[in-house]
Amino acid sequence: MVFDFTETEEQKLIVKAVKEWCERNLTAVRVRQMDDKGHPYPKDIAEGLAKLGVIMGTVPQEHGGLGLDWKTQALIAETIGYYDPTIATAAGFMAVETGWGYTIDRHCSETVREKYVKPAIRGEKFIGIGATEPVGGSDVAGHKTTAKMEGNEWVLNGEKTFISGTEECKTWGGGYWVNARTGPLVPEAPHRNITAFFVPIDADGVEVIEPYKDSGRMAISTGGFVLKDVRLSDEYRLGEVGKGFYHTMEGFDNARLMIGASCAGVIRRILDDAIPYIKERKVFGMPLAKYEAIQFELAEIYMEMEALKLMTMKTAWMQDIRYAEEGLTVKVSEAKTFKPTEVAKWISMIKWKGPFLALKAAEKAMIWLGAAGYTKEYLFEAAWRGVMSYVVGAEGGQNIQKIVIGRELLGKEYVPYK
Amino acid sequence: MPRIIVCLKYAIDVSQIKVDSATRKLLTADAPRKISDFDKNALEEAIRIKEKHGGEVIALTVSSENASSALREALAIGADKAFLVHDSTIQNSDTLVVSQILAEAVKKFGSFDLIICGEASIDSYSGQVGPRLAEILGIPAVTYARKVGLEGDAIIAERSLEDFSEVVKVKMPALLTVTKEINEPRVPTLMDVLKASRKELVKWSLSDLGVLKEKVEAIAVQLLEVSAPKVERKKVRIEGENPKEIADKLVKALIQDGVLGG
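Residue numbers (our numbering), protein chains in the order written: chain V, 1 to 418; chain X, 1001 to 1262.
Hints listed in this document are in silico derivations from the structure and should not be mistaken for laboratory results.
Ideal Cβ placement from N, Cα and C applies to all residues, glycine included.
Just to be clear, a hint being listed does not mean it is correct.
[Claimed, not checked] List time: in silico DSS-like cross-link candidates among lysine-lysine, alpha-carbon distance up to 27 Å:
(1) V:282 <-> X:1018
(2) V:19 <-> X:1199
(3) X:1195 <-> X:1050
(4) V:412 <-> V:243
(5) V:314 <-> V:282
(6) V:16 <-> X:1018
(7) X:1195 <-> V:19
[Said to hold, decoys possible] With beta-carbon atoms standing in for the labels, derived distance ranges:
(8) X:1191 <-> V:391: 32 to 40 Å
(9) V:136 <-> X:1013: 46 to 54 Å
(10) X:1224 <-> V:33: 49 to 57 Å
(11) V:286 <-> X:1224: 37 to 45 Å
(12) X:1236 <-> V:371: 26 to 34 Å
(13) V:202 <-> X:1171: 53 to 61 Å
(14) X:1140 <-> V:124: 42 to 50 Å
(15) V:287 <-> X:1019: 18 to 26 Å
(16) X:1136 <-> V:287: 48 to 56 Å
Starting from the given sequences, assemble the full structure and let the hints guide the process.
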């Protein structure tokens, strides 16, 4: 087995370019302004990110992307998380647009690619995922959205809630990956007979609801939409009829990988902002950093962060191999076969670990700094509010991740819910 | 269409130098290196000229270090080709030797229209390499340019001098050194980075240029010590009955110390 953690020269230059761009455009002052002002996400930043090439970098070059591997895209997501620890940028453009945009590109028609995917890569439009329904996100059996073929068109009815980027999508144009039931519900296998579609936000019958008043990641909106007799040609179907659940799991895998990576960046930023303060600030005659109560917590978070980074890179490496096995052009050093569920286990581990650890790091940093850490002079509170969105369930509930891990360790027969 | 050579120093990133608190010595060996800031301005200006007038931009580095990553970055930013003269013998070379080696590399390229350097390097900041190179090559040097334009076969440059600026016109081939305010160097896109890996990066040794190692070693400079200045606070406390009295005392103290003119 070959262990080599050296980044390639190309990866180093890519990360350097992303850092330099962020240092000019995603400064702490700008991020604070974005968080204070709230959505919609600043178009100049979105277009700048797109011009730089970070959005959907893994999409093949012939489809308008850069054909990067997931390891490199994970390094990019980590950097984005570092510079915008509120995670608005990472959530909107790494997890949603990159994770789901890549998956849309894999399963869409040429029409959808030309009209939506390529413009989103250029920063002109916004594409995302509309998975959650009023009944919840993971409880697929309860999902009520349906699609029926009438003549040569699909007719969709239903409702999607807690959807990232609805205001941006409405303003810039774009659309969403939407799952709908296209056959009868099989109680023992509710994931069957679901088909995925790409629903343009401006399609007749799509009604975008008022955005929610979120607690965090304020720069990117969260809303929802109602589908009333939305008629789509078959060109708007994503993947195979009845296979939507499986395609959706692939999208979650990609988005969750981006979350693990961006959380590692958030944690590093929190430590980089907190360490100078605790080294300089003296109480009872010595710096805060000399107190073991603080130093030991710092050491623990650092250890866990490094573990998260290693896990994220291993997961990205597995993801590259998984796609390479399917014949896509990705650069892998070693060919190895994994079952997709094995990759999903690792992805669930970083989706669980990343947000909880980032939340803990932000909370601890605030406590180390005391009252100063509670002010908006620092980004700790904004990071705390932001990563909480992943803890409460964006891109899959945290306990769902444990179910996936448990399923892989114990076997399918131990899955508690279908 | 101008053929432009940009000289890039693989300099110590001075913002990341650590100081040994006991000896005040600068721990330069551990400090990372990067393209010198002003040289990035030089590269940016060359690319802008090329974008307007066509031509070719060649990045050139002389270093005792393997500076290929910096040159790959230069290729990502927009240089068409890059050349690295790499030899450990250069380690203790001063500006005289470096400019002689650069001159040999330039001669090996054959024809050129313009050489652009930064006004100085961020680490040693002598500002000598550009003018020395021009002297060796027998071409005019225009230093501290903050604005540059091409007019036929001539360069028009606005020079930023201490108390005034001047505009000069010189026929090419010529050498320019540029200041930081001339432009804001671009950040390469990720596509530029990917394309850079397919561009030509040539490594030369001293012998490839016909330069004798012994000659370089013979005039090597021995750097005895680099240390950080010791800064001690004066810890003077100025007190008075009212702000005016305190201000008067402060001004008097500053004049006494030579900070303000009497």
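Against the structure, the hints come out as follows:
no., hint, verdict
1, V:282 <-> X:1018, "holds (23 Å)"
2, V:19 <-> X:1199, "holds (23 Å)"
3, X:1195 <-> X:1050, "holds (18 Å)"
4, V:412 <-> V:243, "holds (19 Å)"
5, V:314 <-> V:282, "violated (40 Å)"
6, V:16 <-> X:1018, "holds (21 Å)"
7, X:1195 <-> V:19, "holds (19 Å)"
8, X:1191 <-> V:391: 32 to 40 Å, "holds (35 Å)"
9, V:136 <-> X:1013: 46 to 54 Å, "holds (51 Å)"
10, X:1224 <-> V:33: 49 to 57 Å, "holds (50 Å)"
11, V:286 <-> X:1224: 37 to 45 Å, "holds (38 Å)"
12, X:1236 <-> V:371: 26 to 34 Å, "holds (33 Å)"
13, V:202 <-> X:1171: 53 to 61 Å, "holds (60 Å)"
14, X:1140 <-> V:124: 42 to 50 Å, "holds (48 Å)"
15, V:287 <-> X:1019: 18 to 26 Å, "holds (19 Å)"
16, X:1136 <-> V:287: 48 to 56 Å, "holds (54 Å)"
When the structure is compared with the earlier hints, a violation turns up for hint 5 alone.
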